[in-house]
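Chains as they are written, first to last, in our numbering: chain A, 1 to 225; chain B, 1 to 375.
These are computed hints drawn from the structure, not numbers from a lab.
Fair warning: this is a prediction, and the values are worked out from it, not measured in the lab.
Virtual Cβ for every residue (Gly too), placed ideally from N, Cα, C.
Incorrect hints may appear among the rest.
[As the list claims (entries may be wrong)] Stretch-level coverage of chain A by chain B, calculated; a stretch enters the list once three of its residues show a Cβ under 8 Å from a Cβ in chain B:
(1) 112-119
(2) 123-134
(3) 137-149
(4) 209-219
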Amino acid sequence: MSFFSWAWGWISNGANWRGPGDIPQQILAHLEYSGLALLIAVVVAVPLGVALGHSGRGSAVVTNLANAARAIPTLGLLILLTVLAGFSPLAWLLPLVVLGIPPVLVNAYEGVAGVDPDVKDAARGAGMTTRQQILRVEVPCAMPLILTGLRTSAVFVVATATIAAYVGLGGLGRFIVDGLASSQYGPVAGGALLVVGLAIAVLILFSVLSRVLVPAGLRGSERSE
Amino acid sequence: MITFERVTKRYADGTVAVDALDLEVPAGKTMVLVGPSGCGKTTSLRMINRLVEPTEGRILVDGRDALRQDPVKLRRGIGYVIQQTGLFPHRTIEDNVATVPLLLGARRAAARGRARELLELVGLDPALGRRYPRQLSGGQQQRVGVARALAADPPVLLMDEPFSAVDPVVRASLQDELIRLQTELRKTVVLVTHDVEEAIKVGDQVALYRPHGTLAQVGEPEDLLGAPADDYVRDFVGFDRGIRRLSFFGTGDLDLDTSPVLAGDATVADAVSTGAPWVLVTADGGRPTGWVPRHRLDAAGSATALRDLAADHCEHTFTAGTDSLRAALDAAVLSPAGQAVAVDGAGKTAGVLGYEQIRAAIAARAADGARGKDR
Ligand SMILES: Nc1ncnc2c1ncn2[C@@H]1O[C@H](COP(=O)(O)OP(=O)(O)OP(=O)(O)O)[C@@H](O)[C@H]1O
Ligand SMILES: [Mg+2]
Numbered sequence: 001m002s003f004f005s006w007a008w009g010w011i012s013n014g015a016n017w018r019g020p021g022d023i024p025q026q027i028l029a030h031l032e033y034s035g036l037a038l039l040i041a042v043v044v045a046v047p048l049g050v051a052l053g054h055s056g057r058g059s060a061v062v063t064n065l066a067n068a069a070r071a072i073p074t075l076g077l078l079i080l081l082t083v084l085a086g087f088s089p090l091a092w093l094l095p096l097v098v099l100g101i102p103p104v105l106v107n108a109y110e111g112v113a114g115v116d117p118d119v120k121d122a123a124r125g126a127g128m129t130t131r132q133q134i135l136r137v138e139v140p141c142a143m144p145l146i147l148t149g150l151r152t153s154a155v156f157v158v159a160t161a162t163i164a165a166y167v168g169l170g171g172l173g174r175f176i177v178d179g180l181a182s183s184q185y186g187p188v189a190g191g192a193l194l195v196v197g198l199a200i201a202v203l204i205l206f207s208v209l210s211r212v213l214v215p216a217g218l219r220g221s222e223r224s225e
Numbered sequence: 001m002i003t004f005e006r007v008t009k010r011y012a013d014g015t016v017a018v019d020a021l022d023l024e025v026p027a028g029k030t031m032v033l034v035g036p037s038g039c040g041k042t043t044s045l046r047m048i049n050r051l052v053e054p055t056e057g058r059i060l061v062d063g064r065d066a067l068r069q070d071p072v073k074l075r076r077g078i079g080y081v082i083q084q085t086g087l088f089p090h091r092t093i094e095d096n097v098a099t100v101p102l103l104l105g106a107r108r109a110a111a112r113g114r115a116r117e118l119l120e121l122v123g124l125d126p127a128l129g130r131r132y133p134r135q136l137s138g139g140q141q142q143r144v145g146v147a148r149a150l151a152a153d154p155p156v157l158l159m160d161e162p163f164s165a166v167d168p169v170v171r172a173s174l175q176d177e178l179i180r181l182q183t184e185l186r187k188t189v190v191l192v193t194h195d196v197e198e199a200i201k202v203g204d205q206v207a208l209y210r211p212h213g214t215l216a217q218v219g220e221p222e223d224l225l226g227a228p229a230d231d232y233v234r235d236f237v238g239f240d241r242g243i244r245r246l247s248f249f250g251t252g253d254l255d256l257d258t259s260p261v262l263a264g265d266a267t268v269a270d271a272v273s274t275g276a277p278w279v280l281v282t283a284d285g286g287r288p289t290g291w292v293p294r295h296r297l298d299a300a301g302s303a304t305a306l307r308d309l310a311a312d313h314c315e316h317t318f319t320a321g322t323d324s325l326r327a328a329l330d331a332a333v334l335s336p337a338g339q340a341v342a343v344d345g346a347g348k349t350a351g352v353l354g355y356e357q358i359r360a361a362i363a364a365r366a367a368d369g370a371r372g373k374d375r
């Protein structure tokens, strides 16, 4: 039997959609973990990237920070934290946050640092305070890139949130981990397919979001350039 | 009024961009800063609204020390226009123009109404207000930049090469527009350019820089053309400064020759009797139609009406009293007869003017320094 028939056989089995630890519950849990990790990544990385981007300095800081974060193996960190801190939320949350930060940080930085210098100069020259320059001009102009960073992070995090199952939590990783342990291929393949589906749903969500959040004046230029 | 008092700017890397500059910009006038690339024009300009902080010296804006004011408040009271417009791409034209009023706490509806008025003032259709900057041509964007700078009605306007990114035709019309706006608004304008021609055209005063941030000469455009302080100024102003200076000589009281001007129903015999080598034929009660040379008169029957003869087009004319001697000389150079055709405000022929009369007029005006800018 192929991967898809394993997966489909399991997903289409109505029994898996009912009862404790069923598919809907685990999807919800998966989204909860991913959402929390992404939220923390955004809260940390967007202000940092924007602030460094505004200053125009810190290009090296951002690159090094992002590269360092990328170099940390997510699973390795999870295991290390479990050893050090036991089964605390930190063990699964921190690796996901570390995974989510680089794309958001780099894109927020590049987006703001890359705003047309004449536009920045005009904002300053018009008498905007630093805060107004950032919030009214630089962030809106950087919005397409900021959203690109968010989307990349969201896909990474959703695809990786399966690791929560290693430390005894739910999420779609539960099916994979348990399936592997009991040599049942159905839940392994089905869980993996659901993760892919969720990642695609995230991509769609962001394309809708960019329609709403990217200012109209920037949209056409994105296409023409 | 803006006053520079021994202002020096030394950048962090040691570059002295402006060196002990003393300069006074009179209120309500246009001061043009001109000079070679890197001579410190932009730096001087940006020190006025403190986008660059002076290293030494004082800058007074309307009598108040700029360095002792909150830079944010200072900038809201000074219009600022830059070369590549710096329009906010994510805001509509209307909201771009409304920027400073909104910062100053105006209500959005009122600020937008004001924005539409300003678009009209700078010669744009207010309907463009709903568009985004990328949907406008370069020239239109530049006008929006000017409208944005004027929105809060600041007494001072700073412009850094505002017209250099557009083609020459659009540039000329934007320059004319600025001159027109200035007669209406009387702002204290400081405009940076590297184009002497532009400096002479739009400036009430011109400050010509030497490399490394010192001044070579400050004065009215005519002074730079007529009395350059030294060889540097002479070279910078250019080899045709003599011709350009004619722009400042009026054509109000010229000795126009009316003898070779004849109506279309006059005959060849009438024309021959003037003794002129070329006669100018007019129609519709005075509008010039063209020049006829003597040999063509001699070849025609003496009773022939002049309107039936082939005439050489008189190229362009100049309006006596409104245009400058430069326009008159230009018209003479282009004329097949070597004579400029002067018309009145209604386009009727006032007379013709040959090189000799133009030469005499130049000599007379240069002698008494007569004025009369062709604006
Ligand atoms: N931020 C800066 N740091 C160091 N040097 C600078 C800086 N800005 C300008 N300079 C230097 O100061 C000098 C004057 O520059 P400025 O921009 O005022 O010249 P400019 O007259 O406007 O020239 P251009 O016609 O090319 O625009 C130049 O030598 C320039 O390289
Ligand atoms: Mg400059």
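- Hints violated by the structure (listed by number, smallest first): Nothing - there is no hint that the structure violates, so all of them hold.
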